[in-house]
Every structure is written in structure tokens, then in C-alpha cells.
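Peer 1: Can you make the complete structure from the sequences, with help from the hints?
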Amino acid sequence: MLDNPSYIIDTFFAIFAMTLIILMVPGFAMLEAGLVRTKNVSAVLTVNVMIYAIASMAFLLVGYEYAFGSWDHQEGMSKYAYFLFQMAFVGKVVNIMSGGVSERSRILPLAIFTFIVGAFLYPTIVNITWGANFLSGTVLDISGMADLAGSTVIHSTGGWALVAAILIMGPRRGRYKNGKVRVIPASNIPLVTLGAFLLWIGWFGFNGGSVGSIASKDNADAVALTIMNTNTAGISGAIAGWLLTYFRYRKFDITMILNGALGGLVAVTAGPDQYDMYTPILIGAIGGALVVFFVPIFDKLKMDDPVGALSVHLVNGIWGTLAVGIFVADVSILDQLKGVVVVGAIVFPLAFVIIYVINKVFTLRADDNEQLEGIDAIECGMEAYPEFKRSI
Amino acid sequence: MLDNPSYIIDTFFAIFAMTLIILMVPGFAMLEAGLVRTKNVSAVLTVNVMIYAIASMAFLLVGYEYAFGSWDHQEGMSKYAYFLFQMAFVGKVVNIMSGGVSERSRILPLAIFTFIVGAFLYPTIVNITWGANFLSGTVLDISGMADLAGSTVIHSTGGWALVAAILIMGPRRGRYKNGKVRVIPASNIPLVTLGAFLLWIGWFGFNGGSVGSIASKDNADAVALTIMNTNTAGISGAIAGWLLTYFRYRKFDITMILNGALGGLVAVTAGPDQYDMYTPILIGAIGGALVVFFVPIFDKLKMDDPVGALSVHLVNGIWGTLAVGIFVADVSILDQLKGVVVVGAIVFPLAFVIIYVINKVFTLRADDNEQLEGIDAIECGMEAYPEFKRSI
Amino acid sequence: MLDNPSYIIDTFFAIFAMTLIILMVPGFAMLEAGLVRTKNVSAVLTVNVMIYAIASMAFLLVGYEYAFGSWDHQEGMSKYAYFLFQMAFVGKVVNIMSGGVSERSRILPLAIFTFIVGAFLYPTIVNITWGANFLSGTVLDISGMADLAGSTVIHSTGGWALVAAILIMGPRRGRYKNGKVRVIPASNIPLVTLGAFLLWIGWFGFNGGSVGSIASKDNADAVALTIMNTNTAGISGAIAGWLLTYFRYRKFDITMILNGALGGLVAVTAGPDQYDMYTPILIGAIGGALVVFFVPIFDKLKMDDPVGALSVHLVNGIWGTLAVGIFVADVSILDQLKGVVVVGAIVFPLAFVIIYVINKVFTLRADDNEQLEGIDAIECGMEAYPEFKRSI
Chain G
32 MLDNPSYIID TFFAIFAMTL IILMVPGFAM LEAGLVRTKN VSAVLTVNVM
82 IYAIASMAFL LVGYEYAFGS WDHQEGMSKY AYFLFQMAFV GKVVNIMSGG
132 VSERSRILPL AIFTFIVGAF LYPTIVNITW GANFLSGTVL DISGMADLAG
182 STVIHSTGGW ALVAAILIMG PRRGRYKNGK VRVIPASNIP LVTLGAFLLW
232 IGWFGFNGGS VGSIASKDNA DAVALTIMNT NTAGISGAIA GWLLTYFRYR
282 KFDITMILNG ALGGLVAVTA GPDQYDMYTP ILIGAIGGAL VVFFVPIFDK
332 LKMDDPVGAL SVHLVNGIWG TLAVGIFVAD VSILDQLKGV VVVGAIVFPL
382 AFVIIYVINK VFTLRADDNE QLEGIDAIEC GMEAYPEFKR SI
Chain P
32 MLDNPSYIID TFFAIFAMTL IILMVPGFAM LEAGLVRTKN VSAVLTVNVM
82 IYAIASMAFL LVGYEYAFGS WDHQEGMSKY AYFLFQMAFV GKVVNIMSGG
132 VSERSRILPL AIFTFIVGAF LYPTIVNITW GANFLSGTVL DISGMADLAG
182 STVIHSTGGW ALVAAILIMG PRRGRYKNGK VRVIPASNIP LVTLGAFLLW
232 IGWFGFNGGS VGSIASKDNA DAVALTIMNT NTAGISGAIA GWLLTYFRYR
282 KFDITMILNG ALGGLVAVTA GPDQYDMYTP ILIGAIGGAL VVFFVPIFDK
332 LKMDDPVGAL SVHLVNGIWG TLAVGIFVAD VSILDQLKGV VVVGAIVFPL
382 AFVIIYVINK VFTLRADDNE QLEGIDAIEC GMEAYPEFKR SI
Chain X
32 MLDNPSYIID TFFAIFAMTL IILMVPGFAM LEAGLVRTKN VSAVLTVNVM
82 IYAIASMAFL LVGYEYAFGS WDHQEGMSKY AYFLFQMAFV GKVVNIMSGG
132 VSERSRILPL AIFTFIVGAF LYPTIVNITW GANFLSGTVL DISGMADLAG
182 STVIHSTGGW ALVAAILIMG PRRGRYKNGK VRVIPASNIP LVTLGAFLLW
232 IGWFGFNGGS VGSIASKDNA DAVALTIMNT NTAGISGAIA GWLLTYFRYR
282 KFDITMILNG ALGGLVAVTA GPDQYDMYTP ILIGAIGGAL VVFFVPIFDK
332 LKMDDPVGAL SVHLVNGIWG TLAVGIFVAD VSILDQLKGV VVVGAIVFPL
382 AFVIIYVINK VFTLRADDNE QLEGIDAIEC GMEAYPEFKR SI
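Protein chains in written order, with our numbering: chain G, 32 to 423; chain P, 32 to 423; chain X, 32 to 423.
Hints are computed from structural coordinates only; laboratory data are not their basis. Some clues are possibly wrong.
Identical chains blur together in the list; that is why a pair holds if it fits in one copy or across any two.
Unchecked claim - Computed cross-link-like contacts, BS3-like style, restricted to lysine-lysine with a CA-CA straight-line distance of at most 30 Å:
#1 Lys248 <-> Lys391
#2 Lys331 <-> Lys369
#3 Lys391 <-> Lys331
#4 Lys420 <-> Lys208
Peer 2: Below is the structure:
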């Protein structure tokens with residue numbers, strides 16, 4: 032017989048979930064590379080690769096132990112597998128922020144910010160939610176918040192950092208002129224589609240793996256229900272994104288359909304294990320609708336976000352966390368709200384100060400001339416598509 | 032000890048298989064986006080995303096229960112995992128059809144057709160083969176057909192729907208002129224290659240997961256043999272596609288090599304668990320050869336199919352189903368033939384009527400001027416590669 | 032209870048690992064398609080597809096039994112799963128070689144070379160290291176070499192074959208002129224990035240699966256540590272590649288960052304199960320640094336290698352094998368060195384003779400005019416991006 036079968040199976044399952052999440056690295060990279068203009072594609076890709084490398088290294092060296100208190104807190108599976116699973120999350124927080132400031136940010140300051148997020152900022156939030164919890168017993172204790180896989184811990188955290196960055200950096204050159212929004216079309220729709228689906232598939236690992244164990248009948252059901260509900264919110268968000276844009280503009284806008292799906296996926300992430308199998312249809316549809324409504328609102332506020340990350344991650348991170356309080360009987364909406372507020376109240380000012388200082392010392396924002404030339408030329412010395420003639 | 036270890040392992044295995052199959056969503060999307068002209072790429076991608084969302088939603092709301100009789104028919108694994116695995120199949124049927132009518136179809140009618148397929152048409156076929164079987168005991172009972180993972184249930188079904196669609200819609204503008212076939216080259220070969228390999232990897236989940244359980248020594252062997260045979264038919268189909276085109280044209284045609292591989296994969300899908308490990312070499316080689324021979328035949332019949340779906344899915348779906356009867360001693364070729372005929376006799380007329388009505392009410396076919404301008408401009412208001420200058 | 036739980040779990044785990052490795056097929060294809068010029072992209076993709084098909088077929092028909100002595104040598108899991116896992120490796124050896132001679136090689140001779148490698152050359156190396164070992168008891172016995180997943184068996188082997196090919200074929204037309212190296216920029220950076228990450232994820236399966244079993248507490252830990260260390264060496268190599276190029280050129284060179292990561296991954300591959308969780312930081316950093324230093328060295332030697340395969344695979348294959356002897360107490364550096372030398376002394380002359388003969392009979396090198404026109408036009412009759420206007 033096997034010694035320790037649940038240890039073996041849960042280690043295997045965490046490794047499986049981790050590999051799906053790592054698919055989100057090329058997922059984010061392709062999504063963002065497809066959404067920005069060709070002159071900024073190499074820079075966006077470089078940033079994505081560096082975020083993964085630096086955030087993971089910072090978490091290995093500093094952040095993991097800070098977040099969870101020790102390397103040996105985990106007993107049900109291999110500690111290495113648990114680290115891998117948690118490490119796979121870290122870069123995502125910076126991805127959300129970096130995506131929203133692409134086409135105008137320099138690379139080195141983002142690299143420094145990434146290290147700080149991976150070593151300190153994100154682990155702080157993990158510490159007080161899923162981890163060692165240094166706020167335990169204080170009035171700020173938010174461990175009562177239900178957030179299975181990070182609607183707040185990951186997505187709002189990244190979203191608040193993005194708000195700080197946008198306020199400090201301002202919009203891209205020429206984005207808002209005479210009160211009008213200049214449309215800047217995505218340069219490569221196949222990459223956008225590929226990236227969105229790699230993210231989608233990664234989400235199965237993100238949420239399914241967050242159940243923590245598959246090694247009992249109940250847990251196997253919980254994992255399967257979690258993944259099913261995750262997917263349902265995604266398809267529902269896509270359909271909402273489609274219908275709302277179609278009936279307004281009579282066009283099929285694939286970027287809105289995909290961002291609707293991603294909004295639905297973020298929204299379900301706080302509680303996919305706790306819903307019945309129909310509730311995520313509603314949660315996801317609202318998630319997709321929120322994306323459609325908030326994208327123009329942020330533009331009205333002149334908060335320039337080339338990839339829609341504020342609507343997808345921040346708005347739906349909040350919505351998704353509250354939704355557990357609304358739809359699950361034994362989860363308190365006040366606990367959920369408190370979690371949302373406390374995390375925002377910690378992340379936003381910290382991120383603001385960090386980014387402000389980084390911007391002063393290293394100049395985060397590429398100036399207008401540099402933006403006109405393209406970040407690729409300035410920072411990478413390398414075009415993404417050097418042989419293809421530009422039409423614009 | 033673990034309670035219910037086979038339940039746990041089979042739930043995990045179904046989730047694993049499902050994630051591989053979901054890779055086929057970007058797989059089909061990239062394959063088709065690479066095969067069509069750049070002016071139709073956004074539309075093709077939009078259709079692929081919408082098919083996944085709508086077909087899955089229809090199956091969740093209506094189709095699954097119709098196909099299998101109840102949500103609780105499955106006892107060996109989590110019912111949610113079993114649903115996920117089955118749901119991952121649904122969109123494929125429409126993918127086969129939509130790919131074959133790309134560059135000339137409008138999106139909304141396809142979306143409506145997708146819902147009908149996911150809620151009703153595909154579940155009808157599943158019902159009488161893998162499911163509740165309302166034809167049980169009647170003269171039309173085809174539950175004796177061996178079709179492990181859908182050479183007939185998925186691939187021929189999609190293929191018959193495509194025949195109906197092509198007959199109703201006609202060819203693309205300018206495809207057949209003065210008795211000649213105008214070659215319309217694929218616009219992006221890397222995407223074609225990427226898409227084909229995502230499909231290939233998805234096939235491991237499709238066929239391996241269809242064994243139904245991995246949780247005994249015999250089943251573990253059956254799953255591994257199934258995946259090995261699946262892969263062998265793919266490589267054999269690729270080699271056949273290569274050799275037959277190379278010796279005729281003295282050129283290496285990667286689209287034929289990849290379609291040959293896909294043809295081999297379709298062909299082996301009815302019985303990969305029942306062959307020894309060398310038979311799939313023959314089955315796949317014939318599958319690849321059928322693609323090479325049938326692509327020009329369909330063009331002679333003026334059945335315009337930009338991605339070769341008729342040859343890959345319909346012809347090889349039939350061949351693969353018959354092959355089990357030929358190569359496996361205790362499977363009757365007559366049962367196989369009966370299954371092929373009954374499914375065709377149900378799907379083709381139903382699909383024809385449905386598509387005919389949809390075409391009358393919503394106009395499925397983009398007219399010649401719209402095709403000239405490109406479906407992207409007409410339907411999406413968005414180019415796939417707006418910054419790249421076109422050479423043609 | 033389950034009969035034979037470890038057999039079931041290890042079969043499942045081998046299948047999981049194999050699917051990750053198969054992701055390396057599109058991984059190599061995208062990486063190379065992105066690194067070469069657009070006029071050679073279809074050819075590069077065709078070669079990648081054919082390598083997978085032909086190498087796997089050769090291994091199935093001949094190589095596997097030669098390498099391991101019999102189909103039944105494996106008892107802990109399904110023999111079909113073990114074959115699949117081993118088969119997934121084979122094409123990689125040729126990928127390393129073919130990538131390094133791209134933009135100047137004809138396809139048919141590569142196909143013939145692939146068959147010989149899959150049937151004979153690679154199985155010979157597997158035989159004397161992981162397999163039946165016909166050198167057992169002789170002075171050349173290198174079974175004492177620690178090489179978990181092939182720093183030497185896969186990567187050096189491919190690298191030595193590449194050295195032979197480069198010596199026979201010479202550089203690309205116009206690469207070295209008047210003592211200067213003409214820079215030939217990569218044509219599609221998103222594909223390079225996507226490809227590198229598919230390889231990275233595949234590596235988890237490559238190295239994790241090579242532990243051979245996950246079905247005990249110790250093995251589960253070993254697998255998880257192996258994957259963690261693999262990833263750590265990758266991120267460390269990426270950071271080294273970044274910093275060394277950044278401080279020299281003040282630019283962010285994503286191709287060097289990604290090749291640095293791949294160098295780190297190759298370097299850790301000989302012993303990721305034997306290091307503690309910090310050692311791979313050093314091993315990977317040296318791996319990344321070696322890539323940065325050796326790429327210009329090979330150019331000085333006029334060994335033209337468009338994808339950097341010599342530095343990534345050969346140099347780091349050697350470094351990684353020696354590193355186990357340096358960092359692991361009970362592994363002898365002399366055994367490691369002996370393994371490196373013996374494999375090189377077998378592979379290089381054999382590959383040289385085989386490629387020399389193939390080149391004489393079939394002309395492996397495309398001549399200067401053909402290279403100017405592009406291998407796609409000569410060999411495939413098909414452009415990779417026919418609708419995109421070239422700027423150069």
C-alpha cells in the first residue's frame with residue numbers, strides 16, 4: 032500500500048494546478064502584446080518576462096516566509112509543491128499593474144517595483160488573509176473575509192496598485208485631446224485571443240488549486256465544482272460582454288467579449304467553492320457587464336488603462352468579494368466589505384508612496400517624445416516585428 | 032487511509048483531461064485564424080470565442096441533462112468533473128462547421144446555430160450513443176457502435192452539419208472561376224502550426240479521458256495505450272500527408288502535413304483503446320492520405336471549405352468508425368456502419384433544416400461585396416492587424 | 032480499495048509529465064519561427080513538425096527497444112505511459128541541431144537525419160546512460176554519471192550534433208563579412224516569448240517526470256523539489272541574462288533574457304532533485320551568464336547559430352552536468368566529466384559522419400541564391416505571412 036496517499040495526491044494536484052497557473056505568464060504576455068501598439072510590443076513582453084523572474088525570486092528569497100511565517104507551516108503536501116503553487120500567484124499582482132500602464136512606462140523602475148511587491152507588498156496582504164496574520168486579534172483582522180483564490184488578495188491588490196500608478200503617471204501621450212478619447216486599436220487580435228484563453232485555463236488551476244486538497248470525496252467535489260463555477264462565470268461574462276456591446280454598437284467586439292470573460296472570472300474567484308452551479312451565471316454576467324460599463328467611466332476620469340485592467344481586476348475584484356457575502360448564507364457581507372476596505376487602505380497608500388518614490392528617483396514615465404518613438408526603440412533597441420511594414 | 036481513492040483519482044483525471052481539451056479552444060481559434068485571410072481574422076476569432084461560451088452555456092442549461100438523462104447518472108467521479116469533461120466536447124462540433132464556412136459567414140446566425148447545437152442537436156446524438164439512449168430497443172438503436180471519443184459522435188456530426196451549411200451557403204466569392212480553383216493562401220503559418228499542436232495535445236485529454244477511469248491497473252494501461260495510439264496515428268497521418276504531397280509536388284506543404292496529422296487523429300478516435308500499438312500507424316496513414324485525396328475532390332464538387340474540415344472530420348470520422356470494425360475482432364463492421372449511417376441520417380437533415388431557416392431569417396451568408404471588404408470590417412468594426420500594411 | 036495505487040498514480044503522473052513535454056513541440060516551433068527571418072518561417076515550422084513526427088516514429092519502431100533492451104523493462108507504471116514519456120524527449124535532440132542550422136538548411140536531408148537520430152544515435156546514448164547499457168563493465172561505462180533529465184543525454188547530445196552540422200555547412204550567406212558580424216534581427220518577438228515559456232513549462236514535465244515516481248512521500252517531495260529547482264534556475268538565468276546585457280548595453284534584450292532562462296534550465300537539468308532549494312540560484316545564474324558570454328564567442332569562431340543553441344544547450348549541458356559533481360557531495364566530478372567526454376566522443380564523430388554523408392548525397396545546405404530568396408520559397412512554395420508587406 033501507499034504510505035501517505037493524500038500527501039502524494041495533493042502534492043501532484045498542487046503541481047498540476049501550478050503548471051496551469053504558469054500558463055498565465057505567456058497568457059498575460061500575449062494578451063498585452065496584442066492589445067498595445069506594435070512599437071511597444073517588445074517592451075511589454077520584456078516586462079512580462081522580468082515580472083515573472085523577479086517577483087518569483089523575491090518571493091523565494093523573502094516574501095514566502097514573511098507571508099506564511101515559516102517554510103514548514105504546510106503539512107498536507109510537499110512544502111515545495113505548496114511554495115510552487117503560491118509562487119505562481121505573485122507575478123500576477125504586478126502583471127495587473129504593469130498592463131494598465133503599458134505604452135508609457137520605462138522598464139527598470141517596473142523591475143524595482145516588482146521586487147518590492149514580491150518581497151513585501153503582496154506578502155503583507157497574504158499574511159493578513161491566507162497567511163500568518165499579524166493583524167490577528169486586532170480591530171483590523173480580516174481573516175473572516177471569504178476569498179478563496181484572490182478576488183481581493185490578488186485582483187484588487189493589483190488594481191489598487193494600478194490606480195496609484197495611473198494617478199502618478201498620467202495618461203498616454205495623445206490619449207485625451209480636447210475632451211475626446213482617441214481610440215488606439217489593438218495591434219494583434221490573435222495574440223489577444225490566445226492570451227485570454229491561456230489566462231482562462233490558468234484560472235482552473237488558480238481557483239481549483241486554492242481549495243487546498245483534492246484527496247477526499249468532499250474535496251474532490253469541491254475542486255470540481257470550483258472549476259466548473261469558474262468556467263461558468265467566464266462564459267457568462269463573455270456572453271454579457273458580447274450582448275451589451277452588440278446591442279449598443281451592432282458590432283461584435285472581441286476585446287470586450289474577452290474582457291467580459293476575464294471580468295466574470297475575477298468576479299467568481301472569491302467563492303467558486305461555495306456557490307451552487309447556477310449562481311456563477313449571474314455573478315459572471317454582472318462581472319462582464321461591469322467591464323462594459325466601467326471601461327468608458329475610467330476614460331471619462333482620464334484614467335488611461337490600455338488593457339482594461341481597472342475594470343477587469345479592481346472593479347470585479349471588489350464585486351466578486353462582495354458577491355460571496357450576498358449569495359452565500361453563512362458569509363457576512365460586512366466581513367467581505369471590511370476585507371475589501373482594509374486591503375485597499377493598505378495597498379493603495381503603500382503602492383502610491385513606493386511608486387511615487389520610484390518615479391522620482393528613476394523616472395517611471397517615458398516622456399511624450401519617447402512614447403511617440405515607442406518604448407521598444409527607447410528601452411529595448413529592438414522592434415517586435417522589424418520586417419513588417421507599418422501602415423500607420 | 033483515503034476514503035474513496037478511485038473517486039478522487041478519477042475526478043482529478045477528468046479535470047486534467049478537461050483542461051487539455053479546453054486547450055483546443057485556442058487551438059481551433061489559432062488554426063483557423065492562421066488559415067483565413069487577414070481581413071477575416073477578427074471575425075473567425077470572435078466566432079471561436081462565442082462558440083465556446085454559447086455551446087457550453089446551452090449544454091449547462093439544457094443539453095447535458097437531455098443527453099445523459101440526469102445530473103446524477105455518474106457515480107465513479109464527481110458529477111461536476113464529469114460535466115466539465117463532457118462540456119469540453121460540445122463546442123467542437125460547431126467549430127468543425129464554423130471553420131468550414133469561414134470567410135463568408137455572418138456571426139449572429141452562427142451564434143444562434145451554436146445554441147441549438149449545444150442544447151439540442153449534439154445532445155441528441157450523445158443521447159443515442161453514450162447517453163440515456165431514447166432509441167434503446169428500437170431498430171435504430173446504435174449503442175452497439177464502438178466510438179470511444181467521437182469519430183462519429185463529434186467529428187462526423189460536425190462534418191454533416193458542415194455539408195448542410197456549405198450546400199446552403201455556397202462557396203466564397205471568387206473561389207471557383209471558369210472551372211478553376213483560385214488558391215487562397217493561409218495568412219499566418221505560425222498560428223496554423225500552434226493551433227494544430229494545441230489540438231493535438233487536447234486530443235490526449237479527449238481520447239484518454241474517454242476511457243472513463245484511470246483508477247485500476249487495467250484502466251491505467253488502457254488510458255496510456257489510448258494516448259499512445261492517439262499520438263501514433265497523428266504522427267503517422269503527418270508523415271502520410273508529407274510524403275503524398277512531397278512526391279506529387281516536390282514541395283513541403285505544412286498545411287497538408289498538419290491536416291494529415293489531424294486526419295489521423297480523427298481516424299484513431301473511435302477505438303484507440305482497442306488497437307495494439309502498431310495498428311494506429313496504418314489507421315493514421317490512411318487518415319492522412321484521405322485528407323490529401325479528398326481536399327481536391329471537395330473542390331471539384333465546388334464544396335468550398337477553407338480549412339479542410341470536410342476531409343479531416345467527416346471523411347476521417349467515417350473512416351475511423353469503420354476502422355474499429357475492420358481491425359478489432361469483436362467489433363462488428365455492420366454495427367459501425369449502422370452507427371455512421373444513423374448519425375448522418377439524423378444530423379444532416381436536422382442541420383440542413385435548422386441552417387436553412389436561420390439563413391432565411393438572419394442571412395447567414397455575407398454577400399460578395401461584404402466578402403470583398405472582409406467580414407472583420409462588416410461584423411466586427413475591427414481589423415486583426417491594423418498596423419500591418421497589406422501586400423495584397 | 033485500489034489495486035496497485037502506485038502503478039495508477041505513476042502512470043497518471045507520467046502522462047501528465049508527457050503532455051507538458053509535448054508543449055515543447057510548439058514551444059521550439061514558435062521560438063525558432065520568431066527568431067528567424069520571415070522568408071524562412073514556413074520552412075522552420077515544417078522542420079519542427081516533421082522532427083516530432085519522424086523522431087517519434089523512429090523511436091517507436093526501432094529506438095525504444097534498442098535504448099532500453101525491451102518493452103517490458105518497466106514495472107512501476109504502464110509500459111505505454113513510460114514509452115510516451117521517453118518518446119516525448121526524442122525530437123528535442125534534433126530540435127537543438129535543426130534550430131542552430133536554420134535559415135540555411137534544406138528539409139529532406141534534415142528529415143533523414145531525424146530518422147537516424149531517433150532510431151539509432153539518441154538511443155545509443157540513452158542505452159549507455161539511462162538504459163540497457165551495452166558499455167556496462169567496460170572502461171567506457173558512464174552509468175555513474177548523475178544526469179537526471181539530460182543535461183548531457185539530451186542537451187549536449189543535440190549540441191554536439193549541431194557543432195558537426197555547423198562545421199559541415201558553414202554560416203548563413205552574408206552573416207560574416209570583412210571580419211564583422213552582420214546582425215540579423217528576430218522577426219517576431221511575441222512568438223519568441225511564447226515559445227520560450229512553452230519550453231519552460233515543458234521543462235517541469237521533463238525534469239519532474241524524470242524522478243520516475245511520485246507515489247511515495249519521499250518521491251512526492253523529490254518531484255516537487257525538482258520542479259521548484261528547475262523553475263528557480265530558469266528565473267535566475269533570466270535575471271543574469273538581463274543584468275549582464277543591461278549593464279553592458281543599457282538596453283533590455285528580451286532574446287538574451289529568454290536565452291538566459293533557457294540556459295539556466297539546461298544547467299539545472301542534470302541534478303534538480305539533488306540540490307537544496309538555493310543552489311539552483313547560483314547554477315542558473317552561471318547558466319545565464321554563460322549564454323551571454325558564449326554567444327559572441329561562437330560568432331568570433333564564425334560558428335553561425337541563429338537561435339543561440341550552442342550556448343544554451345551545449346555549453347550549459349556541460350556546465351550543468353559538471354555542476355552536480357561540484358555541488359552534490361556524493362557525486363564525483365570525475366564521473367561527471369567522464370560522462371560528458373564519452374558522450375561527446377561518441378556523438379560528435381558519429382553525427383559528423385552521418386551529416387557529412389547526408390550532405391554529400393542530398394545537399395543539406397541551401398546555396399547563397401536560395402538563402403537570399405528564402406527557404407520558404409525554395410522548399411515550401413509557401414510564405415509564412417503572404418499578406419504582410421515586408422519593410423526589408
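Peer 1: If the cut is 30 Å between Cα atoms, do Lys248 and Lys391 qualify within a copy, between copies, both or neither?
Peer 2: neither (55 Å within a copy, 51 Å between copies)
Peer 1: Classify it for me, Lys391 with Lys331: is the Cα-Cα distance of at most 30 Å met within a copy, between copies, both or neither?
Peer 2: For Lys391 and Lys331, only the intra-copy Cα distance (27 Å) is at most 30 Å; the inter-copy one is 42 Å.
Peer 1: Pop the pair Lys331 and Lys369 into one bin, within, between, both or neither, using alpha-carbon distances up to 30 Å.
Peer 2: Answer is within: at 28 Å inside a copy they meet the 30 Å cutoff, but 63 Å across does not.
Peer 1: Using 30 Å as the alpha carbon limit, work out where Lys420 and Lys208 are close: within a copy, between copies, both or neither.
Peer 2: both (28 Å within a copy, 27 Å between copies)
In the structure shown, a violation is registered for the earlier hint numbered 1 alone.
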